Amino acid sequence: MNNLKNIFLVLSTVISLSAYFVGIRFIFKGSFRPQRITWFLMAVISALFVATLLAQGDRNAVWLASAIFVGNFLIFLLSIKNGIGGKSKSDMVVLLVVVISLLVWYITKNPLLALVMSIIADFIAFLPTMIKSWFLPWTEEWMFYVFGIVSSFLNLLSLSVFNFEKSIFLIYFLLSNIALVLIIVLRRKYIKTL
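Heads up: the sequence shown runs through residues 2 to 195, numbered per the working numbering.
Read the hints as simulated data drawn from the structure, not as lab findings. Check each hint, because a few of them may be wrong.
What the hints assert, rightly or not - The calculated label-pair distances, taken between Cβ atoms and stated as ranges, are:
#: 1; residue 1: Lys30; residue 2: Leu55; range: 20 to 28 Å
#: 2; residue 1: Leu176; residue 2: Val105; range: 20 to 28 Å
#: 3; residue 1: Val98; residue 2: Phe22; range: 15 to 23 Å
#: 4; residue 1: Lys82; residue 2: Val186; range: 38 to 46 Å
#: 5; residue 1: Leu5; residue 2: Leu113; range: 26 to 34 Å
#: 6; residue 1: Lys6; residue 2: Lys90; range: 28 to 36 Å
#: 7; residue 1: Val15; residue 2: Leu176; range: 31 to 39 Å
#: 8; residue 1: Met144; residue 2: Val98; range: 24 to 32 Å
#: 9; residue 1: Leu55; residue 2: Ile108; range: 38 to 46 Å
#: 10; residue 1: Leu128; residue 2: Asn4; range: 36 to 44 Å
#: 11; residue 1: Arg60; residue 2: Val186; range: 33 to 41 Å
Note that the structure is predicted; figures quoted are calculated from it, not measured. Glycine included, C-beta positions come from ideal geometry on N, C-alpha and C.
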């Protein structure tokens, strides 16, 4: 059984990294225009996810989180030239809320609270992309987020112990990617019918 769980873990990490290569290709193609503030904050937050998971002794989710950090950082760098947003009042509000939630994490020094606050911060950072996808669904590539769905599901399957601490990040990542795929696909269909 452990061999199968290890296979799920490796597949999850490979698929996650592959998503970012696909995303980078879409950026150069011009069909993916990342929301700058989202990708900046997600790079910072995913670095904190990695640190938090390591502090908790998690050796499964940390692989996916590390792959996500590397990908988020690369997408952010490319969004500087090829992205959208990053300077609006709502972007600054998102930045402020994320900073406050990260300060709570830092002050408490509690790894579980840090993980929960990081997820909250990540969700808040993800909101500008969700809003952009609602109004401009053709500036996002749904396939990029399908990779996230598959990788987080496989990572859940790799868990030897299924508990809140080990699964909450993976469940959050799975659900947020499903939500964004649905927004992009359904909004494109809806706008086409207008």
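A quick look at each hint next to the structure:
1. Lys30 x Leu55: 20 to 28 Å: Distance hint for Lys30, Leu55 is violated at roughly 35 Å.
2. Leu176 x Val105: 20 to 28 Å: holds (22 Å)
3. Val98 x Phe22: 15 to 23 Å: violated (31 Å)
4. Lys82 x Val186: 38 to 46 Å: This hint is violated: roughly 27 Å between Cβ atoms.
5. Leu5 x Leu113: 26 to 34 Å: Holds: the Cβ-Cβ distance is about 28 Å, inside 26 to 34 Å.
6. Lys6 x Lys90: 28 to 36 Å: violated (46 Å)
7. Val15 x Leu176: 31 to 39 Å: Distance hint for Val15, Leu176 is violated at roughly 22 Å.
8. Met144 x Val98: 24 to 32 Å: Check passed, 30 Å falls within 24 to 32 Å.
9. Leu55 x Ile108: 38 to 46 Å: The hinted range 38 to 46 Å is violated for Leu55 and Ile108, with Cβ atoms some 20 Å apart.
10. Leu128 x Asn4: 36 to 44 Å: holds (40 Å)
11. Arg60 x Val186: 33 to 41 Å: holds (35 Å)
When the structure is compared with the earlier hints, violations turn up for hints 1, 3, 4, 6, 7 and 9 and for no others.
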